[in-house]
Amino acid sequence: MGNIEKHIVQTDPWANLKEFTAARIALGRTGTAEPLQALLQFRLAHAHARDAVYAVLDQPVLLNELRSLQQASFTLQTQAASRSEYLQYPHKGRRLHTASHDQLTEFNSTGYDLCLVLADGLSATAINSHAIPVLKLLLPLFEKASLSVAPVCIVQEGRVAIGDECGHLLKARLVAVLIGERPGLSSPDSLGVYLTWRPAPGLTDEARNCISNIRPEGLNYPAAAERIFYMISESLRLQLSGVGLKDNGRLIS
Amino acid sequence: MAYRYTIQQHTYHFNTLRELLAKAGPFRSGDALAGVAAADYKERVAAQLALADVPLTNFLTEHVIPYEQDEVTRLIIDSHNAQAFAPVAHFTTGQLRNWLLSDEATPAGLRQLAPGLTPEMVAAVSKLMRNQDLISVARKCEVVTKFRNTIGLKGRLSVRLQPNHPTDDPKGIAASIVDGLLYGSGDAVIGINPATDSPAHVQMLLHMLDSIIQRFEIPTQSCILSHVTTSLQLVQQKAPIDLVFQSIGGTEKTNKSFGIDLALLQEAYEAALSLQRGTLGNNVMYFETGQGSSLSANAHEGVDQQTCEARAYAVARKFSPLLVNTVVGFIGPEYLFDGKQIIRAALEDHFCGKLLGLPMGVDVCYTNHAEADQDDMDNLLTLLGVAGCNYIMGIPGADDIMLNYQSTSFHDVLYVRRVLGLKPAPEFEQWLLKQGIMNEEGTLLPVQDKHKLLQLMNS
Numbered sequence: 001m002g003n004i005e006k007h008i009v010q011t012d013p014w015a016n017l018k019e020f021t022a023a024r025i026a027l028g029r030t031g032t033a034e035p036l037q038a039l040l041q042f043r044l045a046h047a048h049a050r051d052a053v054y055a056v057l058d059q060p061v062l063l064n065e066l067r068s069l070q071q072a073s074f075t076l077q078t079q080a081a082s083r084s085e086y087l088q089y090p091h092k093g094r095r096l097h098t099a100s101h102d103q104l105t106e107f108n109s110t111g112y113d114l115c116l117v118l119a120d121g122l123s124a125t126a127i128n129s130h131a132i133p134v135l136k137l138l139l140p141l142f143e144k145a146s147l148s149v150a151p152v153c154i155v156q157e158g159r160v161a162i163g164d165e166c167g168h169l170l171k172a173r174l175v176a177v178l179i180g181e182r183p184g185l186s187s188p189d190s191l192g193v194y195l196t197w198r199p200a201p202g203l204t205d206e207a208r209n210c211i212s213n214i215r216p217e218g219l220n221y222p223a224a225a226e227r228i229f230y231m232i233s234e235s236l237r238l239q240l241s242g243v244g245l246k247d248n249g250r251l252i253s
Numbered sequence: 254m255a256y257r258y259t260i261q262q263h264t265y266h267f268n269t270l271r272e273l274l275a276k277a278g279p280f281r282s283g284d285a286l287a288g289v290a291a292a293d294y295k296e297r298v299a300a301q302l303a304l305a306d307v308p309l310t311n312f313l314t315e316h317v318i319p320y321e322q323d324e325v326t327r328l329i330i331d332s333h334n335a336q337a338f339a340p341v342a343h344f345t346t347g348q349l350r351n352w353l354l355s356d357e358a359t360p361a362g363l364r365q366l367a368p369g370l371t372p373e374m375v376a377a378v379s380k381l382m383r384n385q386d387l388i389s390v391a392r393k394c395e396v397v398t399k400f401r402n403t404i405g406l407k408g409r410l411s412v413r414l415q416p417n418h419p420t421d422d423p424k425g426i427a428a429s430i431v432d433g434l435l436y437g438s439g440d441a442v443i444g445i446n447p448a449t450d451s452p453a454h455v456q457m458l459l460h461m462l463d464s465i466i467q468r469f470e471i472p473t474q475s476c477i478l479s480h481v482t483t484s485l486q487l488v489q490q491k492a493p494i495d496l497v498f499q500s501i502g503g504t505e506k507t508n509k510s511f512g513i514d515l516a517l518l519q520e521a522y523e524a525a526l527s528l529q530r531g532t533l534g535n536n537v538m539y540f541e542t543g544q545g546s547s548l549s550a551n552a553h554e555g556v557d558q559q560t561c562e563a564r565a566y567a568v569a570r571k572f573s574p575l576l577v578n579t580v581v582g583f584i585g586p587e588y589l590f591d592g593k594q595i596i597r598a599a600l601e602d603h604f605c606g607k608l609l610g611l612p613m614g615v616d617v618c619y620t621n622h623a624e625a626d627q628d629d630m631d632n633l634l635t636l637l638g639v640a641g642c643n644y645i646m647g648i649p650g651a652d653d654i655m656l657n658y659q660s661t662s663f664h665d666v667l668y669v670r671r672v673l674g675l676k677p678a679p680e681f682e683q684w685l686l687k688q689g690i691m692n693e694e695g696t697l698l699p700v701q702d703k704h705k706l707l708q709l710m711n712s
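Protein sequences appear in the order of chains A and B. What the first sequence shows, in my numbering, is residues 1 to 253, in sequence order. What the second sequence shows, in my numbering, is residues 254 to 712, in sequence order.
In short, the hints are calculated from the structure, not lab data. There may be inaccurate statements among the hints.
[What the hints assert, rightly or not] A short, non-exhaustive set of chain A residues, derived as facing chain B with CB atoms under 7 Å:
#1 13
#2 14
#3 49
[Claimed, not checked] Straight-line Cα separation of at most 25 Å, DSS-like style, residue types lysine-lysine; simulated pairs:
#4 B/424 <-> B/407
#5 A/144 <-> A/246
#6 B/424 <-> B/705
#7 B/424 <-> B/399
#8 B/705 <-> A/18
#9 B/491 <-> B/399
#10 A/171 <-> A/144
#11 A/18 <-> B/703
#12 A/18 <-> B/424
C-beta atoms are modelled at their ideal positions from N, C-alpha and C, and glycine is treated no differently.
Next up, chain B with everything else stripped away, as it sits in the complex (with noise of 0.2 Å):
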């Protein structure tokens, strides 16, 4: 249906929900690229006026990609749980903000919501937000998953130590994993980006990451981000897989352009289960998203990247994955231009995927070919570290020699649990405290050369 908005005897007029959504959100370089974005500031701010207005019951019957058409869309649908929407189903988008900010809005009570809440709903009220108040809504939502560990738990910042090498070499991987664990990271996943898929050489990094965890009694998880096919057929072979990872985008046409759709992400979900390699829990599956994939893969469909992003997450949802990781500043200045649009972005990611109910984690970074430095990324860290966010990536000096791009180094998951007072997944910190890598206070302590992780190398 059409919406509208007057300004001054000026009305704007915007034809669909889907326009009215790309019109509202705040400028960013992909959303001008699709040819989606708002004409200019006025516009911007008639479409949010517009927006604010909107029932949200109109987001169940008006979609942004037509059910017929997009199993990313029925499955939107037809897993929105009317019951837990109850409580908000009278509220405007603009009244949900006001709502999401309020005493009113619990964590017990957001977390109960979540199911009544789809992406285009959060995509719409975060497009109402500032940035302060997507800190403040997603610090009260708190999402916890278990495998080996227990992340997302309030007052923890957990890490994904990622020792990446450009040609897999295991003793250049193993050095960056030693240098990791000694700097207190890898609570959320040792996980490695391989530099070929093949399944015989990621079997051999999975069996290398299996027997570190098991010879040092490390309460974490492996995982190895290799394309679900491979993972499929590995699990088939025994292989000692404990998490399955999976890129999704939030159309379609983007999960066909990664290879997948929903029922081999089922499948691979299901084969994951089977191997029952969790001790505390069966959260079993990693995803990675990030606004602009759609677009980049020409199966946007016209809706903007924000939306696309937040339908990523009805994707991720349905498998209950123990981690989700939206790569933010990966993509390219054509969809994030620069510091200010990665921060923004980022936010929102993590708000409309906490408040859907996942276990957000942001891999806070840039490229060379972005208007963004190390200073950027330590305002966004530290924005996310007051946000709640699960985990974030751990990369020796903050430079991945293998993707070629900047991220959070060792070194800034010490400064934002320091600063913000943030600890480690329990279990993970309990071995910490045994390894003598680090004190009840959390500071780091000086490691002996004798230190048995040390020796990893000499085997």
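Just chain A, with the same shape it has in the complex (with noise of 0.2 Å):
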């Protein structure tokens, strides 16, 4: 077999090329076809995508794991009562079920500087492999910084939007959304963090600030930990988010 096919599918001489980038290049091919190899590469990668997309909340874990770090939680719901619903109506991912709205109110807030909010997202796969290593960096600095954390909020079917209404029901100065972000073919897991200074329902992208792209490939935990707490101590010192909030800080002191 092994003979066979090497006779069968034309190299190309290039695949030195592949140190300088990512790109699926020097393939080889039989005749106008990829080899099959390349296609099942392909085909296994966009499994890893789909799969992300339709991935669940791992709620037990979830909820076992703040409590070991003391932190109170909710499991809320959207208006979208299913995935397509989800993925077909994007504003009912940006509110909350009513159960869900009354449970905040009853709760009667008193007040926080910040309220965490765990959304699904594009892709649960992101918060069931990076919130918790994330948060257990970013905890602590919390409590050293004196900050006041509302119980975290763990959204099913969530968009970005949905820290606005969590936020604002539990009286928070600053909302992060901690969200799957959509899966592209080499990042199925990627987690984004957007902020938002005075979260109130109605709020839009450019009220935000995002890090993006926070995975062990790519803005690993440290730096990430890093990044969102120089972000939400400026954002407070300073009261706004959005474009008026600029990420001049690398490194903390």
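Quick one: dock chain against chain with the hints and give me the complex.
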């Protein structure tokens, strides 16, 4: 088989160029087609991305981990009743289901510095894999800075703007939404963090700051935690978020 | 005015032409999201039956967005060519569909008709048509454009070589360019989506592409897909800009959300012309569009997404572009949910653009949250090849590592050229022969490891 394949598949004599890019170059060919290995590798990458889109938040594990970090939490639903509805009607993922809304109202928050939201977004895999490791680094920084943190909101079928309602009902000065980003073929588990000063329903993207591509192969946990903490500190200090808040600090002393 | 149609004692009412168009459209998630789609199958067909009876002249007097309110409407109405329209002026929408498919509608006749048709007329007629109708008529339209080569000739299929890189690393980009050229791609344009829009950065990329094209004497053109204001600034600095790029939409508000208006596009068009870098022709603009962009910008004004898209072609038409590309599956499943909707939308866009006289290409593509895969893209690619699409994208392994979506690969280009007997643009074909990349039959030749294109990376 190996020999026959060697004979049939036309290899490209520029495989050395792969060192310059992650693009799928120098795949070789059989006739006009990609060799089977390349085709199956592509299909596997797509499978990872597709499964990430339909992955579900692992709530028992997340709740357990948060408990061990001495962090209370809410599990909440949005108005999107299913993944299909979530994908076709984005606005439904931006508002809480009535029961969840009531749950936060009845909590009667007395006010916090921060509200943290974990939302599945387009990749629950990203939250399941990276949210707790990032929080493990972040929570001690908040404690050291004497910032009060509201019970963590775990939101199923949530989009970025769901943080506005959660943060508003919990009377937080600032909301940080940790959310699964749209999966790419090479990044099915990329986590994004969106910060919004004085969250309230109806805000739009220009009111937010984003820290993107958080995963071990991208922005790693320590670097991500450092960046998030810097941006949160700056937002609280300057009392704003969005275009007016610049990510100037790479390191905190 | 109001339109109606009665089916078995039930009368369906449509208050405006805008509503009628929206409800007559084949189902897509974006129209449901906007709340403009038909309530059920019967209402959709009732709308199509009513639309078939609408005289084409109605489209000139009843505007889907008011003339006073929207400069795209003003452009459509003010640039309408009554003389070109005359041969079909007495038709209803339904009669136009039948005529387009008849042998009376010849390629030459369709070319003469183009300035007489408005986007709303072609959107309307497309809503009455099956996929095969859209293919049959589009295939009759030949739209040829020129800059350093000739794109859109019958029996030819060109490719935008899209060598994107997440950090715009010059060597990473060059590696993908070499890969693409050695696979016979790159005749439509070598076009990079830059990771950042800063002028200095874009200028660096422009010089890089210009030097590659010059060094290997490639009969093609380059483009960095930056905002038109960035390009304008760089034209003033005498940067080597072949084509000026811009994303455009079909309503004034959509264009405003892109940071443009018609006056700005005119300024950019004149600036690009002033550089006189084309050797065979003066088509200097490259536009991208896509159904759903107006709704996404909350700027659709109650108009369905396909009609908005067709209106974007009126904007493109004003500036005689070299290339227009509908990036059909990029926008996501809230606008086009699955492979079926993406395929339908692509065929509509290609048909509408061609009928309006535009050099249409299609980015045959999807994102990972859409219900689609490479098999859907194979179907669409083959259909578009049959329909006579001017160009498609060529991306290493169909995987854009910068924009995180899937499109068509250099291999896909080889496939569709082979099965349909299509060739590259003639000047580029000659270059491929001379380089020993392809033979006269269009078969790719094994590349020697001393091939001079491979030396690009060593310098």
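These are the hints, each one checked on the structure:
1. Given the 7 Å rule on beta carbons, the hint for residue 13 of chain A holds: about 4 Å separates it from the nearest Cβ of chain B.
2. The interface hint given for residue 14 of chain A holds, since its Cβ lies 6 Å from the closest Cβ of chain B, which is under the 7 Å cut-off.
3. Using the Cβ-Cβ criterion of 7 Å, the hint placing residue 49 of chain A at the interface with chain B is satisfied: the shortest such distance is roughly 4 Å.
4. Using a Cα cut-off of 25 Å, the hinted pair residue 424 of chain B and residue 407 of chain B is violated, with the two alpha carbons roughly 36 Å apart.
5. Note on residue 144 of chain A and residue 246 of chain A: the hinted pairing holds, with a Cα-Cα distance of about 23 Å set against a maximum of 25 Å.
6. Restraint check for residue 424 of chain B and residue 705 of chain B: satisfied, since their Cα atoms lie roughly 16 Å apart, inside the 25 Å limit.
7. For the hint linking residue 424 of chain B to residue 399 of chain B, the alpha-carbon distance of about 29 Å lies beyond 25 Å, and the restraint is violated.
8. For the hint pairing residue 705 of chain B with residue 18 of chain A, the CA-to-CA distance comes to about 18 Å; that is within 25 Å, so the pair holds.
9. Between residue 491 of chain B and residue 399 of chain B, the direct Cα distance comes to roughly 22 Å. Compliance with the 25 Å bound is thereby established for this hinted pair.
10. Simply put, residue 171 of chain A and residue 144 of chain A have alpha-carbon atoms about 21 Å apart, close enough for the 25 Å limit, and the pair holds.
11. With a C-alpha separation of about 17 Å, the suggested pairing of residue 18 of chain A with residue 703 of chain B holds against the 25 Å cut-off.
12. For a cut-off of 25 Å, the pair hint linking residue 18 of chain A to residue 424 of chain B stands: about 10 Å separates their Cα positions.
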